[in-house]
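Novice: Protein chains in written order, with this note's numbering: chain B, 2 to 878; chain U, 24 to 131.
Do not rely on the hints blindly, as some may be mistaken.
[To be verified] Incomplete in silico selection of chain U near chain B, CB under 7 Å:
| no. | residue |
| --- | --- |
| 1 | 32 |
| 2 | 34 |
| 3 | 50 |
| 4 | 53 |
| 5 | 86 |
I should point out that these hints are in silico values taken from the structure, not numbers from a laboratory.
Ideal Cβ placement from N, Cα and C applies to all residues, glycine included.
Here is how the chains run, residue by residue.
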Amino acid sequence: MRRLLKWFLPEDDLRAFESEQSELHDARRVRDGERPAARGRRADRRSLVMRLAADRLRGSGPAPTPGDGRRAGATDRLGQIARDLRHSTRSLLRTPGLAITIVLTVGLGLGATTAMVSLIRAVVVSPLPYRDPDRLVLVRTQDGDNLFNLSVADYQALDAQQTSFTAVAASQQVSVTVAINGVVERQRARVVTPSYFPLLGLAPIAGRLLVPSDQHAGGRAVVLNAPYWRTRFGGDPGVIGAAVTIDGAPHDVVGVLAQTNGPLEQDIALFEVADWPTPQRKGPFFLTVLASVRTSVPRQVAAAELAAIDRRMFPIWQSSYQDDRATWAMVDLKSRIVGTAGEPLWLVCAGVAGVLLIACVNAASLLVARTLQRRRELAVRVALGASRGQIVRSLLSESTVLVGAAATLATAVALGAVRVVTAFGAGYIPRIDEVRVAGPALWWLAGLTSLCVVVIGVLPAWSGSSLGRGAGLDVGGRTMSEGPAGKRTRRMLVAAEFAVATPLVIAAALIIASLDRLLHVDVGMDRQHVITASISLPAAQYPAAAARGFWERTRASLAAEPGVSDVAFADSRPPVDANNINNFDLEDRPTQPGDHQPVCPWIAVTQEFFKTTGLALVHGRLFDQRDFASTAPPVILVDRAWARRFFGTDDAVGRRLHEGGCAACPWTTVIGEVATVKYLGLETPDDGTVYQPIDDSERDRFVLVSSTGPASILGPTLGAAVHALDPNLAVSRIATIDDLASASIATPRYLSVLVGAFALTALLLSVVGIYGVMAHFVTRHARDIGIRLALGGAPDRVGRMVVASGLKVVLAGVSVGLVTALFFTRWMASVLFGVAPTDVPTFVGVPTVMILVAVMACLLPARRAAQVDPAAILRDG
Amino acid sequence: MAPGALQPFELQVLLAALRLGDEAYSVPIVIELEKHAGRRVSQAAVFIAIRRLETRGLVTTRLDDRGTETGRVRRYVRLTPEAKRLLRETRDLQARLWHGLDRLLDRG
């Protein structure tokens, strides 16, 4: 009682109370014929202790005196808030389990949501870190649904004739062999026109960037990228003017590009100046062309000008390019870079937000239960004169303390999560280097935290304040149970948890089912017994004849290694490294005017390719020595999917086509049909592949080696064999077909782990929620259950009643969740493979499993209810 | 309970304060109540009742901290005219209700 008095009485009253209490003590002793207690120091000491306690409860500083005016009022209010917060903290520390559960679940939810918001902001929302990012576009060739790069002829015409853009720049990403001080390594480089850097607003940190005169000086100028300069040259400014050997040819370092977070510069070691030879035909199309649209020029006008320039060019190159349907189109640079990465991110964000919501609802539910348990204490407070506002404020201050602690944890979680995602997501998420937990993300965290205080605090505060005045005092502690309103609130909260968890678990189940389908996709090749690697021969040291000799020596050397059964070369490898996608015109089914020519992967292979990869011949014959002669008539092999696509059940062997749509070229003949292999990704439908004999002077190849045992152990052998032939060559990207297939589905794998973890958390929290409600139900109704059993009720029936009561809540939640899921999963179509967004087995299976798990959670309280001893209950009652 | 009605304990505190006049504060009120009730009365309950009565405008209080140096502080209580009116009403109502009941009650 005295403690409560301290809580409600103002300072003056407390002093009076303390003083009068001592006085009463003496008065009673006098009345009862005893000597009054010695006054003086002891009383003073007690008075001091009481005053200190009162001061501490109020906050700090002296107690306000009457007539101190508005300032005193404000101080008092602040003191009251501080007192509320201290009291809440102490009160929560008495129930550490509850406090830790809420802080952990809400903190993790808040932190993960903040991390995802930071990620989405950096990847999807924020502009690219370049000059005038909104006006940057890519100019691409558009042929029907296909968009592809421009050629040198295209770029030169565009650069000379355009007026809609402040500048245009062309670049080509290449793999180069860099030799510095005897160390040879493969690096990624970008061959760029001098206009590239000013267009993007990039500046040098040392030396200079590329200038037009570099193009006429034999293309020897290179600019180093800052990270490469730091790791490879230790950030030495003296590197300017130094010579480096790139692909066997000497180059001069003219400058270092300042550090940027731009996605175009990531993983690029150096920039070479473009020195492309004057084109003799329109193709090949390998240039990425960037342009910045002038502020004064509307997009439509710029697009119209691009189409006009392309039309003007068409007659000039008609002999080598006949597709008059192709035109030039502008693609926003940001959307091209971000691509489809936004959708999985939003999905994960929705998952995280769902978990946060459930954590908040769970916290609210726990606090409502706690409030109801403290009904008596609250009723005493009301009886002592606490206003409704005071009760609400003290309950809200509890949720504020909890969410405050959760927000602190969330900051650490967000920082940690972003570090983990940037470390592991670099390969799957574009613009990952731009992700920061700062500024706007922290504001977002603050806003979300406030929202959590409201979500978590309002219901308990409302249920606390709605307790009837004095009602709690009228009933004894044992028979006291929460009112129907409180019970309904908690049941509704748990139903809400299931309503949020259901779509999440369904989404996770769909993604996992989709991943499972992807894992079972047949690449078309032996995954375990074939190992591959990329080898590039520098043009300077390997003219055509030398290249031919090198490939033959490599083949012979590798074939002699123990454990190797066959060796072949190709310019592509499954399941995603298709080097060339070609258009063609079939003799039997010529492309109609107005239609686009069909396209498919065009793989150049050596004669041994089919034996090495174990690709079965279905029909016709494989390549033989004659087909590789330069004078041989052009022949191709097609796969089953190609044959089916164009000729159905008819025979494809013997059919003829014009490769690249070149009408003036000789016919290319199909000589055989082989099994289907995936070259455009495991998730892409089989639209057919064409194999052609490889040009034996081709310098960039993949080597494919089949082994008698597991191919992975051949990796070192492969590198050593090539180095033995030429120590200056770099062998890169060594991987078995199995490695490549796994790597190609890293994104879905990553996504399924993330969403699966969130869904599991959501389910777990919901199950804990239903368990809590039912356990509470049984505790509160032990007396009713006891009476029921005493009157002859069967224990089984009591147990069933408890389960049924819980099941009603779960069913309501799951039903709402199913409807939500129907809308939610539609949005997931782009990240699913082989599974419909409304997959019936998932939509039936997931709710069934959820209900079963919930029933299991209810069984424990049900068993306890059935085991209630009526005699004990009634005796105590 | 009607909004204007007095709770039994509040009524007792008011009556004790009325009897004590200018000397009414929690200590003599408690002693007075204990004298009549013959059992312990909580001083805190009296304090709370006074606070409630003050909120309802039935008493005014005055802090006497002239004895601060010695640690003595008292909050004196005085009934407002509204309290006296309410007491009269309560007394009259009870008198009317009790009228003629003594005989029935004492008969056993």
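Novice: Does each hint hold? Answer for all of them.
Specialist: Hint check results:
no.	hint	verdict
1	32	violated, 11 Å
2	34	violated, 16 Å
3	50	holds, 5 Å
4	53	holds, 6 Å
5	86	holds, 5 Å
Of the numbered hints given earlier, the model fails hints 1 and 2; all others are met.
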